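*Asks:* Sequence:
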Amino acid sequence: MASSSSLPNYLSFENQRTRCLGIGFNPDEGLLQDPQKHRSNDVKQGKEYSLRARGGLQGLPAWWGKIHPPIGAKIRATGLGFFLDAISHHLTEHKDLILMCAMSERFWDTTNTFHLPKIGEMTLTPEDFTMISGLSFGGHWLVMDHEIEGKKKQLKESLGAMPQYVRGTSVKLTWLKSTFEDKKPEDECNIDHCVRAFMLYLVGTAFVPSTSSTVDLRFMASLWDVNSLNQYNWGGAAYATMFHYMAHFSRKKLKSLGGLLNVWEVWAYEYY
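Using our numbering, you'd call the opening residue of the sequence shown number 64 and step up by one each time.
These aren't lab readings, by the way, just hints derived from the structure by calculation. These figures come from a predicted structure and were not determined experimentally. Check each hint, because a few of them may be wrong.
Label-pair ranges, simulated between beta-carbon atoms [as the list claims (entries may be wrong)]: (1) 109 / 294: 48 to 54 Å; (2) 288 / 247: 19 to 25 Å; (3) 251 / 333: 54 to 60 Å; (4) 174 / 237: 23 to 29 Å; (5) 145 / 107: 38 to 44 Å; (6) 174 / 114: 17 to 23 Å; (7) 109 / 248: 53 to 59 Å; (8) 107 / 185: 19 to 25 Å; (9) 220 / 332: 45 to 51 Å; (10) 250 / 287: 43 to 49 Å; (11) 215 / 149: 32 to 38 Å; (12) 145 / 333: 17 to 23 Å; (13) 152 / 314: 33 to 39 Å.
The list that follows gives simulated cross-link-like pairs (lysine-lysine, DSS-like), each with its CA atoms no further than 27 Å apart [said to hold, decoys possible]: (14) 129 / 315; (15) 107 / 158; (16) 247 / 216; (17) 110 / 316; (18) 315 / 110; (19) 318 / 107.
Beta carbons: idealized from backbone N, C-alpha and C, even for Gly.
All chains, please: the whole structure from these sequences, using the hints.
*Replies:* Pasting the structure below:
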């Protein structure tokens, strides 16, 4: 058997160099790598920090609650109806930032798990996520068009409108809401405009929020065909985003947490 020292440093995969990890595990290093760069280290030293919440359910319940039926019918066809009904009638977003801070201090990106005294190691599983949020997994990953800046005409035709000011490839969430929330179109083309706008707002608030209260127009690549929206893994995108923010916040690479924070809250209160 070849020793780990005889392995190449990099492996080639589809003409991309990929780091090759050695065989075996050094128990002296442990799974919790670089503790000095972790937020828990600051806590041990008595350093204070703050947390901002990004995205969430802001504005979604109100918009969905009064959405024009023809628009709502097409959005329900994506499989997101149960989730949207829940946040409109049953789900309350508390945003307990103190709890979020405590969770981040015990989260390690090297294992994607929480390390808890007297409880041990545990994490939010896909099943937990689905039971709490109502979002299921399955389908294609969301597509992003990295050449979207050169497709302004197609964007305007797909949304029916474009703001005067676009920051890079992003538009403000407030523009989407104020422009499309109260529209009640009857013709198929304008209905599709509103469906795309609502889905883009949903991506920018709940599923893949940014740190700037905007949504990336590159996600429009997943929204061109309204009749194919049910083929995308919306639950997977939201789940991955939650872990992305938790990992980066725990490593002090971000000053905010984003995504469906209410899922973290419900999960924590259920298990802790």
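*Asks:* A separate judgement is required for each hint: does it hold in the structure or not?
*Replies:* Verification of the supplied hints:
1. 109 / 294: 48 to 54 Å: holds (51 Å)
2. 288 / 247: 19 to 25 Å: holds (23 Å)
3. 251 / 333: 54 to 60 Å: violated (43 Å)
4. 174 / 237: 23 to 29 Å: violated (38 Å)
5. 145 / 107: 38 to 44 Å: The hint (38 to 44 Å, Cβ to Cβ) holds, given that residue 145 and residue 107 are roughly 43 Å apart.
6. 174 / 114: 17 to 23 Å: holds (22 Å)
7. 109 / 248: 53 to 59 Å: Because 57 Å falls inside the window, the suggested range holds.
8. 107 / 185: 19 to 25 Å: Given range 19 to 25 Å: holds, Cβ gap about 22 Å.
9. 220 / 332: 45 to 51 Å: holds (46 Å)
10. 250 / 287: 43 to 49 Å: violated (19 Å)
11. 215 / 149: 32 to 38 Å: The hinted range 32 to 38 Å holds for residue 215 and residue 149, with Cβ atoms some 36 Å apart.
12. 145 / 333: 17 to 23 Å: holds (19 Å)
13. 152 / 314: 33 to 39 Å: Given a distance of about 37 Å, which is inside 33 to 39 Å, the answer is holds.
14. 129 / 315: The given pair, whose Cα atoms are some 40 Å apart, is violated under the 27 Å limit.
15. 107 / 158: holds (25 Å)
16. 247 / 216: holds (23 Å)
17. 110 / 316: Since the Cα atoms of residue 110 and residue 316 sit roughly 16 Å apart, the hinted pair holds (cutoff 27 Å).
18. 315 / 110: holds (13 Å)
19. 318 / 107: It holds: about 18 Å lies between the C-alpha atoms, which stays within 27 Å.
Violation of the numbered hints given earlier is confined to hints 3, 4, 10, 14; the remaining hints are satisfied by the structure.
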